[in-house]
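Asker: Sequence:
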Amino acid sequence: DDPETRGALAALLGQNGAAVTAVGSAEAAVAAYRAARPELIVSDIGLPGTDGYDLLRQVRAIDAAAGADPVPAVALTAMARPGDRRKAIAVGFRQHIVKPVDPEHFVAALSALLGR
Numbered sequence: 001d002d003p004e005t006r007g008a009l010a011a012l013l014g015q016n017g018a019a020v021t022a023v024g025s026a027e028a029a030v031a032a033y034r035a036a037r038p039e040l041i042v043s044d045i046g047l048p049g050t051d052g053y054d055l056l057r058q059v060r061a062i063d064a065a066a067g068a069d070p071v072p073a074v075a076l077t078a079m080a081r082p083g084d085r086r087k088a089i090a091v092g093f094r095q096h097i098v099k100p101v102d103p104e105h106f107v108a109a110l111s112a113l114l115g116r
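In full-length UniProt numbering, the protein residues as written are 1 to 116.
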């Protein structure tokens with residue numbers, strides 16, 4: 001997403017104890033994923049270049065090639081139509097959260113997904 005939103009969300013998650021790697025494109029996200037597999041992925045759908053759907057497909061292919069369980073992924077997006085949610089879930093996102101997001105709800109949703 002845009003740098004301001006990315007920075008604000010990274011700060012919010014950091015304040016809540018998360019170690020965050022924040023990047024500005026799907027390509028950078030795939031490189032970061034290969035370098036250090038995270039516990040959770042949060043991605044916008046409308047990314048520059050490769051979109052969030054294709055990002056998750058690439059990550060799932062990496063996991064499959066390694067024989068690894070898929071990392072939980074959350075779509076955080078302005079795309080709010082029912083079809084957008086269905087597509088995100090069909091691609092493999094575990095949750096579809098629509099922006100603007102309430103910070104407490106966002107942290108609680110991610111914590112619940114991680115079983116914390």
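Quick caveat, the hints were computed from the structure, so don't treat them as lab data. Cβ coordinates follow ideal geometry from the N, Cα and C atoms, glycine included. One or more hints might be untrue.
[As the list claims (entries may be wrong)] Cross-link-like lysine to aspartate or glutamate pairs, in silico, EDC-like; alpha carbons within 16 Å at most: (1) Lys99 - Glu27; (2) Lys87 - Glu39; (3) Lys99 - Glu39; (4) Lys99 - Asp84; (5) Lys87 - Asp63.
[To be verified] Here are the simulated distance ranges between beta carbons: (6) Lys99 - Gly67: 29 to 39 Å; (7) Pro3 - Asp51: 14 to 24 Å; (8) Gly67 - Asp102: 36 to 46 Å.
Asker: Give a verdict on every hint.
Answerer: Hints versus structure:
1. For the suggested pair Lys99 and Glu27, the alpha carbons sit about 23 Å apart, so the restraint of at most 16 Å is broken.
2. A hinted pair counts as satisfied when its Cα atoms are at most 16 Å apart, and Lys87 with Glu39 does not qualify at roughly 23 Å.
3. Distance check on the hinted pair: Lys99 and Glu39 sit about 22 Å apart at the alpha-carbon level, beyond 16 Å; violated.
4. For the given pair, Lys99 sits about 13 Å from Asp84 by alpha-carbon distance, which is consistent with the 16 Å threshold.
5. At roughly 20 Å between alpha-carbon atoms, Lys87 and Asp63 are farther apart than 16 Å, so this suggested pair is violated.
6. Take Lys99 and Gly67: their Cβ atoms lie about 34 Å apart, and the range 29 to 39 Å holds.
7. Checked against the hint of 14 to 24 Å, the pair Pro3 and Asp51 passes, with Cβ atoms roughly 18 Å apart.
8. A C-beta distance of roughly 38 Å is found between Gly67 and Asp102, which places it inside the suggested range of 36 to 46 Å.
Violated hints, listed in ascending order, are 1, 2, 3 and 5; each of the other numbered hints is respected by the structure.
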